[in-house]
Amino acid sequence: DPKGNPHSLMLNEGLPVRMGNSGLSLALNQLYDIVKVEGERGPFKVSTREYIYALHDKNGELVSFHYHPQSGINFCHMHLRQHFRKVHFPTGRVAIEEVVALAVRDLGVPHRRDDYEEVILAGLEKFREWRTWHSRGTI
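Numbering (our numbering), first residue to last: 1 to 139.
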């Protein structure tokens, strides 16, 4: 059996990382388990236990996507800055690839590769193929 579950993935010690010269930055935190599995998914796989992905601008957090069931909010959700910071908008499960695509497509983050859409889509397709849960919890 894998030892040390859960494991932590934290970009830049939890501090937002600048996304080019867009004025936006990204923060990424995940807790995950390494689990034993049978068949083509095995012998081990990573299973996300919780995540927080956040996009920041010069005024702080702009939007964030969360799944952290141990907090008492046990469904996937997002937060928006301004008047809705404490509101938990239900989302379903969100992949980090979707957050990066949002930043590039809609928020002006410059891409560094001409084939960035294909790269993001390939990662997203792999995520969707191998995930074992789509959304959890109740509102």
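I should point out that these hints are in silico values taken from the structure, not numbers from a laboratory.
Check before you lean on any hint, since a few could be wrong.
Keeping only pairs whose Cα atoms sit at most 30 Å apart, straight-line, the calculated DSSO-like set for lysine-lysine is [as the list claims (entries may be wrong)]: (1) Lys3 x Lys36; (2) Lys126 x Lys36; (3) Lys126 x Lys45; (4) Lys45 x Lys3; (5) Lys126 x Lys3; (6) Lys36 x Lys58.
Cβ pair distances, simulated, as ranges [unchecked claim]: (7) Gly42 x Phe84: 40 to 50 Å; (8) Glu118 x Val87: 29 to 39 Å; (9) Val87 x Glu38: 34 to 44 Å; (10) Gln82 x Gly39: 43 to 53 Å; (11) Gly42 x Ser22: 34 to 44 Å.
Computed from a prediction, not measured in an experiment: that's the story for all the values here.
A virtual CB, placed ideally from N, CA and C, is assigned to each residue, including glycine.
Find the hints from earlier in the document that the structure breaks and name them by number, from lowest to highest. 6
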